[in-house]
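Colleague: Top line first, the protein sequences correspond to chains A, B and C.
Per our numbering, residue 24 is the first one in the first sequence, and the count goes up by one each step.
Per our numbering, residue 3 is the first one in the second sequence, and the count goes up by one each step.
Per our numbering, residue 5 is the first one in the third sequence, and the count goes up by one each step.
These aren't lab readings, by the way, just hints derived from the structure by calculation.
Virtual Cβ for every residue (Gly too), placed ideally from N, Cα, C.
Take the hints with a grain of salt, since some may be wrong.
To be verified - The following label-pair restraints were derived from C-beta to C-beta distances: (1) B:H30 x C:D294: 29 to 35 Å; (2) C:E263 x B:R75: 45 to 51 Å; (3) A:R166 x B:E14: 24 to 30 Å; (4) A:N99 x C:D233: 46 to 52 Å; (5) C:S258 x B:A34: 26 to 32 Å; (6) C:G218 x B:E46: 34 to 40 Å; (7) A:E100 x C:S379: 37 to 43 Å; (8) C:T110 x B:A34: 27 to 33 Å; (9) C:S309 x A:H291: 45 to 51 Å; (10) C:K230 x A:W309: 50 to 56 Å.
One-letter residues, chain by chain:
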Amino acid sequence: MTDPDGQVIVGLEVHCQLDTKSKLFCGCSTDYRNDGPNTHVCPICLGLPGAMPALNKKAIEYAMKVAKALNCEIVNEAEFSRKNYFYPDLDKAYQITQYDKPLAEGGYLEIESDEGGEKKVRLTRIHVEEDPGRLVHMGNAERGKYSLVDYNRAGIPLIEIVSEPDMRSPKEARKFLNKLRATLEYLSVFDSEKEGSLRVDANISIKGSERVEVKNITSYKGVEKALTFEVTRQKNLIRRGQKIDRETRHYLEARGVTQSARSKEQEHDYRYFPEPDLRPLRVKSWVDSIVLPELPDARRERFMKQYGCSLSHARTLTGELKLANFFEQVVREDPHGLSPLAATWIADTLIGELNYRDMSLDRVDPAAMTGLVRLLKAGTITDKSGVEVMRVMLDQRLKGEAAETPDAIVKRLGLTKSAGDDGALIAAIEEAVNENPKALEDYRNGEGKALNFLVGQVMKKTRGKADPAILNTMLAEALKKRGV
Amino acid sequence: MVTEKDVQHIAELADVGIRTEELGTFTHQFNAILEYFDILDRVEGSGQGERDLYNVLREDVVEPSLPQDEVLRNAPHTEDGFIKAPRVM
Amino acid sequence: MAGTIVFEPDDRYNAFLSTATAGPQGSGTLSGVMVAVKDNISTRGIETTCASKILKGYVPPYDAHVVGLLKAAGATIAGKTNLDEFGMGTTTENSAFGPTLNPRDTSRVPGGSSGGSAAAVAAGMVKVALGTDTGGSIRCPAAFCGIVGLKPSYGRVSRYGLIAYSNSLEQIGPLGRTVSDVSTLMGVIAGYDRHDSTSQNKPYNHTPKADIKGLKIGIPAEYFGKGVDPDVAAVVKKAIGRLEELGATTVPCSIPSMEYALAAYYVTCTSEASSNLARFDGVRYGPAPDWKKSWHDAFQDVRGSAFGAEVRRRIMLGTFALSSGYYGKYYAKAQVARRNVREDFNRIFRDVDVIAGPTMPTIAFKLKEKSDPLSMYLADILTVPANLAGIPSISVPCGTSQGMPVGLQIMGRMFEDERVVDVAYAYEQAVN
Numbered sequence: 024m025t026d027p028d029g030q031v032i033v034g035l036e037v038h039c040q041l042d043t044k045s046k047l048f049c050g051c052s053t054d055y056r057n058d059g060p061n062t063h064v065c066p067i068c069l070g071l072p073g074a075m076p077a078l079n080k081k082a083i084e085y086a087m088k089v090a091k092a093l094n095c096e097i098v099n100e101a102e103f104s105r106k107n108y109f110y111p112d113l114d115k116a117y118q119i120t121q122y123d124k125p126l127a128e129g130g131y132l133e134i135e136s137d138e139g140g141e142k143k144v145r146l147t148r149i150h151v152e153e154d155p156g157r158l159v160h161m162g163n164a165e166r167g168k169y170s171l172v173d174y175n176r177a178g179i180p181l182i183e184i185v186s187e188p189d190m191r192s193p194k195e196a197r198k199f200l201n202k203l204r205a206t207l208e209y210l211s212v213f214d215s216e217k218e219g220s221l222r223v224d225a226n227i228s229i230k231g232s233e234r235v236e237v238k239n240i241t242s243y244k245g246v247e248k249a250l251t252f253e254v255t256r257q258k259n260l261i262r263r264g265q266k267i268d269r270e271t272r273h274y275l276e277a278r279g280v281t282q283s284a285r286s287k288e289q290e291h292d293y294r295y296f297p298e299p300d301l302r303p304l305r306v307k308s309w310v311d312s313i314v315l316p317e318l319p320d321a322r323r324e325r326f327m328k329q330y331g332c333s334l335s336h337a338r339t340l341t342g343e344l345k346l347a348n349f350f351e352q353v354v355r356e357d358p359h360g361l362s363p364l365a366a367t368w369i370a371d372t373l374i375g376e377l378n379y380r381d382m383s384l385d386r387v388d389p390a391a392m393t394g395l396v397r398l399l400k401a402g403t404i405t406d407k408s409g410v411e412v413m414r415v416m417l418d419q420r421l422k423g424e425a426a427e428t429p430d431a432i433v434k435r436l437g438l439t440k441s442a443g444d445d446g447a448l449i450a451a452i453e454e455a456v457n458e459n460p461k462a463l464e465d466y467r468n469g470e471g472k473a474l475n476f477l478v479g480q481v482m483k484k485t486r487g488k489a490d491p492a493i494l495n496t497m498l499a500e501a502l503k504k505r506g507v
Numbered sequence: 003m004v005t006e007k008d009v010q011h012i013a014e015l016a017d018v019g020i021r022t023e024e025l026g027t028f029t030h031q032f033n034a035i036l037e038y039f040d041i042l043d044r045v046e047g048s049g050q051g052e053r054d055l056y057n058v059l060r061e062d063v064v065e066p067s068l069p070q071d072e073v074l075r076n077a078p079h080t081e082d083g084f085i086k087a088p089r090v091m
Numbered sequence: 005m006a007g008t009i010v011f012e013p014d015d016r017y018n019a020f021l022s023t024a025t026a027g028p029q030g031s032g033t034l035s036g037v038m039v040a041v042k043d044n045i046s047t048r049g050i051e052t053t054c055a056s057k058i059l060k061g062y063v064p065p066y067d068a069h070v071v072g073l074l075k076a077a078g079a080t081i082a083g084k085t086n087l088d089e090f091g092m093g094t095t096t097e098n099s100a101f102g103p104t105l106n107p108r109d110t111s112r113v114p115g116g117s118s119g120g121s122a123a124a125v126a127a128g129m130v131k132v133a134l135g136t137d138t139g140g141s142i143r144c145p146a147a148f149c150g151i152v153g154l155k156p157s158y159g160r161v162s163r164y165g166l167i168a169y170s171n172s173l174e175q176i177g178p179l180g181r182t183v184s185d186v187s188t189l190m191g192v193i194a195g196y197d198r199h200d201s202t203s204q205n206k207p208y209n210h211t212p213k214a215d216i217k218g219l220k221i222g223i224p225a226e227y228f229g230k231g232v233d234p235d236v237a238a239v240v241k242k243a244i245g246r247l248e249e250l251g252a253t254t255v256p257c258s259i260p261s262m263e264y265a266l267a268a269y270y271v272t273c274t275s276e277a278s279s280n281l282a283r284f285d286g287v288r289y290g291p292a293p294d295w296k297k298s299w300h301d302a303f304q305d306v307r308g309s310a311f312g313a314e315v316r317r318r319i320m321l322g323t324f325a326l327s328s329g330y331y332g333k334y335y336a337k338a339q340v341a342r343r344n345v346r347e348d349f350n351r352i353f354r355d356v357d358v359i360a361g362p363t364m365p366t367i368a369f370k371l372k373e374k375s376d377p378l379s380m381y382l383a384d385i386l387t388v389p390a391n392l393a394g395i396p397s398i399s400v401p402c403g404t405s406q407g408m409p410v411g412l413q414i415m416g417r418m419f420e421d422e423r424v425v426d427v428a429y430a431y432e433q434a435v436n
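Pulled out of the complex, with its shape left as it was, chain A reads as follows:
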């Protein structure tokens, strides 16, 4: 019997839209997301009788760039084939893809393993194919269900990256995806912010049991969620002594569950054969002329070396192209002086505040961030005030209000850090001590917690402006004066 706590084994098939200007086999624009249905189609991508495909060179170049970055081997001869199946979103009733002669084979991607440290996830292959159209499900059980088709997406170039079953947890699968996304973005061949630009099918099994394919995962977070659900489901089945069926399941994003695809769908026999309207590719020699930009791993190493970032900060900052660029812009004027604080404030604080607001990094002004880091570095404001300034900055952007500089915000809110001779601070300490005789009593009886309580009270009164270190000293002195 299979051990319910046995090893989880995950392999991924990732489909990414390549960011070309025109579609894979025709001149229709790929920039369709803001336009109405069926407005970016022509005889070719609509599959009209008699139309023929003409292969986009840029799509092949982009795919080769990815292949090189992922350490794959470009094959001597690649060829497109037809994958035949019926579906209303598939205009020709076949998808032009690569079957027995994919563009690239082998390769690997390094991710941070669950045990810590780097691990290589091996790749099986990379191939190029066309996206089908998009279906909208309409109607209801009483009046009849039907589908509506928009072929704008039909013919958008995709690469499918197939991994070996080398991941050992849903978390590693998410890390693989994040790393892959970062790599594709660094290569400028992919835009992860475009809706539906990435889709994932996952194979998952518990060692010793059958493999289950989970299809239809359309978000980065969805991968971990879908696989976590599957792990629990499969382990529960094993615990109950049931066997796991080798099957295909669909991930239902809204409900966070997978559901068996078992239906009347006919068994698949795709009847692949070479696409007779295209000619094979012999492009291996192009590989030498592909110049790769700095990739995430190299940039991470550089961030550690050049800016003194910790491994964890460097990993976070370089994990997204935009974030890495943002960081370098923020510290540009004074890399040595600003980097340590900027790394923490961007990787730890800013990302959290952005996520909380569901806000894009694009809306943050790097110059303002530099200003904030400078204020923190100069000791003008406390960390607590720093967070407050950041929140004001982000909220102003979010609401479309006039953006104040960090200096202006500090001034307006009077957040300048209190110094030791600050009358307001002395008064606040006096007040706090006078208002809380119980705390004073406790402190006298040796309860250290009482001091923290008093510090908190003073902070409240000074709205966080007090430097915690100075406050502690002054409070201790004030208590001493009272003979406590």
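Using the hints, position chains B and C against chain A.
Modeller: Just chains B and C now, with coordinates in the frame of chain A:
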């Protein structure tokens, strides 16, 4: 030899409707033709040899798409710019 | 010289599926010439049906590349001609809109699948026409109707807009009453097209020359052997004799791969067709599927009722040949067989300039004579080798048998379309 059941299966795979009364004739004709195709068993070797052309590619240039009304004109059913199709769920 | 041409044909042979009553007359090589176009070639704004109910009412929003070239050369599109549904047949009887009759004898078929184009030319309704040739579909009806038909080298004429039956085999080509007419039309339609990735940059700028002195003609034994009507063979041999009189020499040769060429042809064309014709599901064009049904059921209804029996038979044969477990036995072997055919031709063409033989093994069949599919397939045996190899081949009338025309077929080296035209021209000039 293919049976009527095989022919039925192929018809389903090809999504071509086949009437019960046609099955017999189709199967009979199928077998005669497939028997003739068996001569290919005598062909030795593999691969289709050198092709006439390689690396036929076009530049990544955007060209005009069809106007939406032309896209929809030949479709039997449309709705709000979409083309109406049978249900898949 | 712009103007309007009025076209009022008496279509007693059912050559046309639709006709233009009048059309604009442009200027250029074909100014004032009415050209009939086979109805599997897309014409913007003109219904294009492939003689199938599944495309009834379909009006393409674009012109096939060749149609654009015709218009640019000043030609007027006379109408769309009848064919075997999707080009699948050798008689034009497999049309959903009724058979075309042979103008030479209306009890006989005109050949196919470009029977409508051939009949329109033979009856004098138009001077020239476009056909398509997948396994003989230009040359067969040319031979049966007593006119000239050229299947160009693969890649010389763009297929963009030709509704695909078998992409790797077919070419659009000209039919006409004379070799000169055919050559002129070839000059208009040949050349590179970026929309067809199999297109070659080989324009055709040629005026036929009748001089064939010193030409070496290969005579393959297989073209005069079993299955070829002895009377037809005799007529063709006599015609080859005329070529010798004009200064050519003949060399016996053999094409061993002919043994399995026809099987390779039918496996390839049905396989490709099964995929090409899968898109006809009624969603984007064609008869409406019942959208309340599940898609497989809806598609089966539409395709089962709107495709004719021969089309469904070939779709199913091709589906079978590509299906899991059979691909290696059928499709993959057929591709090896094609290579062997090509190599046989290459070997022969090292010694000879052209190969000659009959176009068809018999004269035109009686209507309904070929009711068994396999016996109809066998009639293509002499034309399919040129398609498998991609080489140019022309059929030129060379006499009669039982009062019906016989075609002399001349095949040439890859891209030597000019040479097969010259040989046909030399023959035509000598006998007329």
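Colleague: Evaluate each hint against the coordinates.
Modeller: Hints, one by one, checked against the model:
no. : hint                        : verdict
1   : B:H30 x C:D294: 29 to 35 Å  : holds (31 Å)
2   : C:E263 x B:R75: 45 to 51 Å  : holds (49 Å)
3   : A:R166 x B:E14: 24 to 30 Å  : holds (28 Å)
4   : A:N99 x C:D233: 46 to 52 Å  : holds (49 Å)
5   : C:S258 x B:A34: 26 to 32 Å  : holds (28 Å)
6   : C:G218 x B:E46: 34 to 40 Å  : holds (38 Å)
7   : A:E100 x C:S379: 37 to 43 Å : holds (41 Å)
8   : C:T110 x B:A34: 27 to 33 Å  : holds (31 Å)
9   : C:S309 x A:H291: 45 to 51 Å : violated (26 Å)
10  : C:K230 x A:W309: 50 to 56 Å : holds (52 Å)
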